[in-house]
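Q: Here are the chains, one letter per residue:
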Amino acid sequence: MSQWVIKGLRTGIKSTRYPRTIETAPGMSPGLPVATRMSPDMAQMMVTRCPTSALEPAQAGVDVNLRRCIHCFRCARGTDSPMEWERERDFECAGVTPNSNDHDRRFGPAFSRSIHILVVDAGDCGACLNEVKQLNNPYYNMHRLGFFLTPTPRHADLLLVVGALTEHMRLPLRKAYDAMPTPKRVVAVGACALSGGIFGRSFMCAGGVGDFLPVDVEVPGNPPPPLAILHGLLVAAGRKPPALLYRRAEDSTEAPG
Amino acid sequence: MPPELLRVLEEAKARWTGKVRPSLNGGDAAACHLECETSELPAICNWLFAERECSFGGLIVEQGTPWQLRYVFYGQDSGWTHVVTYLHAGEERVPSVSRLIYAADWHEREAEDLFGLEFEGHPRLGDFVLHNDVWQEGVAPMRKGFDGSRPVTNREPDLNWKPRRIVEEAGAFGMPVGPVHSAAIAPVYFQLETVGEDVIRAQPRLFYAYRGLEKIAEGRQADDALLIAERISGTSAFAHSLGLCQGVEGLCQVEVPERASWLRVFLAEFERLRHHVAAIAGICESTGLAVSAAQAAILEEELLRISGSLTGHRYLFGMNVFGGLATDLDDAVCRRAAVQIAQVSDKLAVLQGMLSTSSSFLDRLEDVGKVSVSNARDFGLVGPIARASGLSRDLRKVAPYCGYDRVEFEVPQESEGDGYARLRLFFREAEQSARIISEIVQRIPAGRFRTPETALRPGAALGWVEAPGGAALHWIRLGEGGVVERYRIVTPSFANWHGFRLAAENFAFQDFPIILASFALSVHENDR
Ligand code: SF4
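Residue numbers (the numbering used here), protein chains in the order written: chain S, 16 to 272; chain P, 60 to 587.
The hints are all genuine.
Short derived list, chain P residues pointing at chain S, Cβ under 10 Å: (1) His240; (2) Ser241; (3) Ala242; (4) Tyr248; (5) Tyr269; (6) Thr386; (7) Thr416; (8) Glu584.
Footprint (simulated), chain S over chain P, 3 or more residues, beta carbon under 8 Å: (9) 279-290; (10) 361-372.
Taking lysine-lysine and the DSS-like style, the derived pairs with C-alpha atoms no more than 30 Å apart in a straight line are: (11) P:Lys429 x P:Lys406; (12) P:Lys406 x P:Lys456; (13) S:Lys22 x P:Lys406; (14) P:Lys72 x P:Lys456; (15) P:Lys406 x S:Lys29; (16) S:Lys190 x P:Lys221.
Keep in mind that the hints were calculated from the coordinates and are not lab data.
The beta carbon of each residue, even a glycine, is placed where N, CA and C say it ideally should be.
Model the full structure from these sequences, guided by the hints.
A: What follows is the structure, encoded as structure tokens:
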């Protein structure tokens with residue numbers, strides 16, 4: 016068995032240094048569309064390309080509602096004037112909802128380096144779940160930041176939900192949430208959990224978990240890369256400031272293109 | 060046109076003179092169609108399955124006047140055979156073929172549940188896709204009249220529903236596991252039935268992640284169905300979008316440029332490699348050998364990052380479009396990716412070497428979760444799981460698409476059918492995929508990455524693909540204006556979950572996670 020010890024030692028430390036320094040490894044995040052100033056005609060053309068209405072026409076150009084973006088790249092490919100694409104620090108994109116101001120839902124100082132997480136898949140495609148799994152990968156190793164998966168809701172401080180919430184998962188999800196002690200917070204991960212994504216609202220899908228459970232932190236993406244989920248956890252723990260999920264063209268600094 | 064296919068046609072004609080109407084369609088999607096009365100259905104299906112040794116691909120139900128039921132088979136060298144039967148108004152019953160072809164069992168149960176058709180003589184129907192503790196009987200969401208766009212409000216769920224117990228010995232009890240699990244695990248419920256130390260049976264209850272994809276695709280534009288196809292199973296997104304693309308491209312006779320075909324093979328094999336590495340990581344983790352699990356997990360993340368740099372998306376979403384790819388990949392970048400992939404493959408070989416000499420690891424896998432070749436065949440298992448039991452049928456070889464017939468590769472096979480055989484198979488297939496990538500990256504021709512215009516036309520066609528988990532079928536019917544009228548998705552996980560219980564009989568409690576991991580099943584792909 017000693018071969019494994021040696022192998023482990025030889026591998027060295029793979030973990031990202033985020034959040035101490037920003038991570039820039041290629042391929043660890045798909046980036047995000049940027050709200051861009053443009054002419055109304057162009058804006059209209061862009062908006063019709065988007066299958067989930069993540070792009071909205073505005074006075075100044077195109078606004079981006081990250082909660083709806085499913086990373087289909089239709090606004091970035093196959094057109095002569097693609098949307099601007101954010102590639103740096105883009106994964107720091109988790110936002111908060113008004114619930115998170117609720118005093119009862121705040122974590123006290125005892126939680127600062129130890130938060131236990133229950134993961135519930137409420138009906139996704141498996142990609143979000145796989146990215147959540149990567150958080151235990153040596154590359155991300157969330158333990159070093161004091162985040163641990165827990166097998167039981169009774170020990171969970173934080174409920175991490177992926178998926179569009181199917182009819183069949185309503186009851187199990189409700190039971191899990193109710194069994195958690197307070198204070199508790201909910202982090203919804205992925206476009207499907209935020210808005211239903213491509214599945215939308217239907218006879219089977221609730222179009223996200225927000226109407227069903229009080230969500231505190233929302234992590235956009237389809238799927239959000241592991242670092243975005245990590246950012247969401249840090250936001251929930253009060254250790255990182257939240258980002259804006261609705262981004263306005265008028266706030267963009269780009270010159271009109 | 061495979062000569063064997065003509066033989067199927069001739070023999071069917073001779074055997075069922077006047078009772079079947081055989082026809083052929085040529086081209087790439089060469090298939091033999093046997094139209095028959097419902098009364099002849101079981102005999103014809105059984106002849107194909109038992110005598111001609113065809114695999115059962117799937118059942119495709121289409122509501123219309125009349126209803127159309129299509130049983131798809133494929134053989135080692137006879138290509139595709141569709142047995143088609145029609146139901147006329149008011150007769151919503153058809154004889155079950157499940158008693159003869161057990162592989163069709165879940166297909167019939169699904170059709171009964173979602174379309175409300177009756178399968179006479181089926182051994183067990185009832186709680187399946189639609190859970191009886193959530194839905195009342197008689198809801199048939201796949202029917203045309205059912206509005207899938209809004210929630211069903213008037214529901215009378217069966218609150219006393221309990222999973223059916225199979226073991227009836229004194230002292231037997233059922234241990235529930237799931238659908239919320241102790242780690243990041245997909246929603247599935249298991250009833251482990253035990254009389255003490257050992258588990259006698261493990262029955263999965265699936266479809267917690269049923270998103271009704273076939274239903275919500277209806278009425279949408281074909282290219283939106285492509286977004287749905289990618290999200291059947293996020294970890295096999297490229298394969299499924301390729302399956303749908305090939306269906307639509309076949310239907311609309313779209314010529315896919317050479318360059319796009321080669322790049323598709325590149326990406327499909329890349330996805331297979333990553334899928335298998337994740338499967339290996341899962342097996343290592345289930346045995347508790349932490350360093351090996353971490354090593355495999357590192358390789359998975361490295362592959363995800365290579366995907367991210369190469370295509371912009373870690374799971375290859377948004378790459379396939381009708382007629383080719385959404386964006387071109389730079390040749391130099393592809394070659395660089397191929398070098399990185401080869402490095403991962405080398406590290407994988409080192410890992411395999413180390414695992415094969417770790418006796419405590421092997422002890423946990425050997426003889427665990429055995430599936431015999433005859434069981435694999437009866438249950439219609441597919442992909443690596445079937446090949447680990449000695450049943451080797453790979454759509455890349457038996458019905459080549461995308462130019463796979465120009466690529467040299469081997470379809471590995473093992474015979475023991477236990478956990479260790481499945482692990483070895485994942486390693487060997489991963490190695491083959493890495494080889495294909497390094498071979499073809501030198502041969503990707505210059506040219507267009509997409510046909511400029513794809514004119515969608517009404518009609519129906521079958522697309523198929525050997526997804527990382529095994530054979531996947533995509534039946535697409537388009538109406539006027541490129542609107543989806545029917546989209547039937549048959550996935551490898553659906554076939555293999557059906558057979559999972561073969562491997563989960565009479566085992567020790569602590570082996571359960573290992574058996575499960577060695578199947579590398581996707582709940583999402585099964586549930587759709
Ligand atoms: S990438 Fe996002 S914003 Fe752009 S078209 Fe797709 S869903 Fe819309």
